[in-house]
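Chains A, B and C are the protein sequences, given in the same order.
Quick note on this note's numbering: the first sequence kicks off at -15 and runs consecutively.
Quick note on this note's numbering: the second sequence kicks off at 227 and runs consecutively.
Quick note on this note's numbering: the third sequence kicks off at 3 and runs consecutively.
FYI, nobody ran anything at the bench for these hints, they're computed from the structure.
One thing to keep in mind: the hints can contain errors.
[As the list claims (entries may be wrong)] If we take Cβ atoms under 8 Å as the criterion, some of the chain B residues that face chain A in the derived model are:
hint, residue
1, His327
2, Ser388
3, Asn393
4, Ala406
The beta carbon of each residue, even a glycine, is placed where N, CA and C say it ideally should be.
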Amino acid sequence: MNKETASVPVLEMQNVEKHFGGVHAIDNFSVKIEHGRIHGLIGPNGAGKTTIFNNITGIYAPDSGKIFFLGKDITGSSPHKVAQLGIGRTFQNIRLFSNLSVMDNVIIASNMDATYNMPQAIFHTAKYKEREKHLNDKAMNLLEIVGLQDKAAERANSLPYGHQRKLEIARAMALEPKLLLLDEPAAGMNADESLELVDFVRQIRDRFDITILMIEHHMDVVTNLCDYCTVLNFGKTIAVGTPAEVKSDPEVIRAYLGGNE
Amino acid sequence: MIQVFNAINNAFCNFFGINSYIQGVVVLMCVNIIAVLGMSVLTGFTRLFSFGNAGFMSIGAYAVAILTVRYHVNFLLAIVLGSAFAGLVAYLLGSITLKLHGDYFLITCLGFGECVRVLFNYTKKLTGGSAGFPGIPNYSNMLFAVICAVLAFFIAWRFIHSKYGRNLTSVRENELAAEAVGIDAFRFKRMSFTFSAIYAGWAGALYGGYLMYIVPSSFNLAKSCELITTTVIGGLGSLTGSLLGAIIVTLLPEIFRGLANYRMLLYGIAVVLIIMFKPSGLYGYKEFSLKRFIANIKKLFGGKKPAAGKEAE
Amino acid sequence: MLLQQIITGISIGGIYALLATGYSLIYSLLDFSNWSHGEFAMVGAYVAIVFSNILGTPFVIAAVMGVLGGACISFLSERVVYRRIRSTGGPNMFLMIGAMGMSNVFQQAANLIFTGQYRSYSFKLPVSTIEVGGAYIGVLDLISLGITAVILVVLIYLINKTKFGLNVRAIACNQKAARVLGIRVDQSIATVFLLAGSLAGAAGILYGMKYNVFPTMGNVGLKAFIASVIGGLGSVPGAIVGAVLLGVLETLVSAYISSSLRDFFSFALLIVLLLVKPSGLFGVDVQEKA
């Protein structure tokens, strides 16, 4: 990364609001994430964390406020445009292309690398073959990184749960994103698996030089992994800071003890 | 040109002793194959449902009929233009209706198919109305139909096994996830819809050239349903399955003449049973592979001939 | 003249409404357009034919049997076919394909059993007209309208004022939550099919009285589909409004423009409406949750 881009925050959200009916799903939310950071988004169920992801990725358009990605205004862009700009994501309830092979899941995500056109595809020209080989190599490479290279030919929905989570991350990485959004990557994992995940996420950040925003419930994961975090409750930001600062914040403690957790 | 073409076909058929009845069955089979392949791409690979494909067939058939009879356009060019026109109509229709969700899209397709039929009935000067459009040149001989079907299968196969097919399938599997990896779901749905309409138009054009006479009522809702039925029997998400489905659905009533009256009843029962017990149909989500077929045969015979498999590869 | 057409239109719309409400109820529970719904009406109409023309029972008995016939076939379809398809957990499109197959089966079976002949009920139909303010209105239309109105009022009462209706609305809102709260979901779904089937049976008999009974008469289900889409899929009041609008539009187009363009106008209206209101008049646009 050169200095110019480093000075612009990777993601900046300014006073974003989203209502559903009368409910403030997110209320005046702002955040600034610098390059290379791992930023945590925590809070009890229904605090609006996933809604923030959905606003960034264009599934919802915010009612007011602005969202900038590398200085570019992406407020209200459609999901595929946001993805093409370089924001990859995973979903809270895993969304794989279930009936397709593990390999195809990743290849599909690198569709932007498939720069051939229809006649080239139909006549299998040199360009088509070269691009398809590139897609295959790239996908295999990503599968090796997440440790799924032996499962490439299996159907995505036949994988055990933990592998499905990893495949989803590999798929998001195929986009070559500059920002990766992880929605509860440690959900359903035990303590050992969580620790492994912490290492894995950090490795990915270092290896691909990306920025990560993640929603997480496991406080130990957040403490180990995140540089900063934002705590939400009922759509409102109640604390911002390093995990250590946030953990000792009285309002956070109240929200967690009085909330659903 | 048509005369030369038909002469070649006749010579070919005489040489192999193929009578005109068989020729007719083969032509109809090829028509079905092309239309069903289009439906397969749409329903099997994109999970969009169209009750309007008979409408696109009729657009292709009438466009070619009008071009060849009224404007004496060469039939090959006319078929290309007619199919392209069906595709264009689908592209425009899809541009406005594919934004609608699920059944709302479905009803607009159905409505479109019915509207086309009513319009062809109504515009008597252009189409001859319900009395039909006579005098279409007889270009759909067996050889030509088979060439068309092979070409259609080849193109569909390459289309599906490229990024286009993969992207369509990703929209079928999970639209939100597809969008999240940068796939414009709307654009690919429209592409699939257009592709399927081009194939329907192509099939319609061949149909007209075979019967030399078309009426709007051949392209009714029942025809659209039959196309979906065939696709389901062949297997959703499999081109070889659709090919097989189209062949079976055309041949069965010819082989079992006595069953002709029960044909549609049996198809209906078949569809219900397939959806209940094996929704992937004959070859769902899988393509027929020679390698696997040979491997299975070998298994059957206790793996006696290991060399045969390698040669086939 | 205009008044006469409008009343005829409302009367036809009423028949569509009987089908469309059942259709909408099923849609609201299962997100599934029951393509074979029109065939339930056809079965009802034929059962009534068997009782009135072959067994020679009085009209009332034939009609009750027809309604029961529609209810039975609808209930059986759910128990035997749709429940099984739902249990496989496949996409909703599979239900639709299954329904398309069922529709085919019923139509072909009727064709084999009763032949394609057009049949009419052997009892005497009131074909006279009465004069209201210079317009001649068919007594049959008025009777049909009256019966429809009574049935629909009862239906709306059932949905809005009874425990059964509350359960149905709860399932429509959130099937999983309803199940957790102890509502017997499968039983309620089966009851809705029973109810929708009997409405369809009634519609079939009324339709058969007006236009004869024939194997493909189930295609009237298509009108119910259009009507409920106009009203907004899943909305019962919407289905009634949509059905009446459609009935009146069809009658007016047939009377003043051309009867051969009738369906063209219906579909054109539908497509234009959906472009303006993508979820119909009373429908709610539900966004998929990520």
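Checked hints:
1. His327: violated (15 Å)
2. Ser388: holds (4 Å)
3. Asn393: holds (6 Å)
4. Ala406: holds (5 Å)
When each numbered hint is compared with the structure, a violation occurs for hint 1 only.
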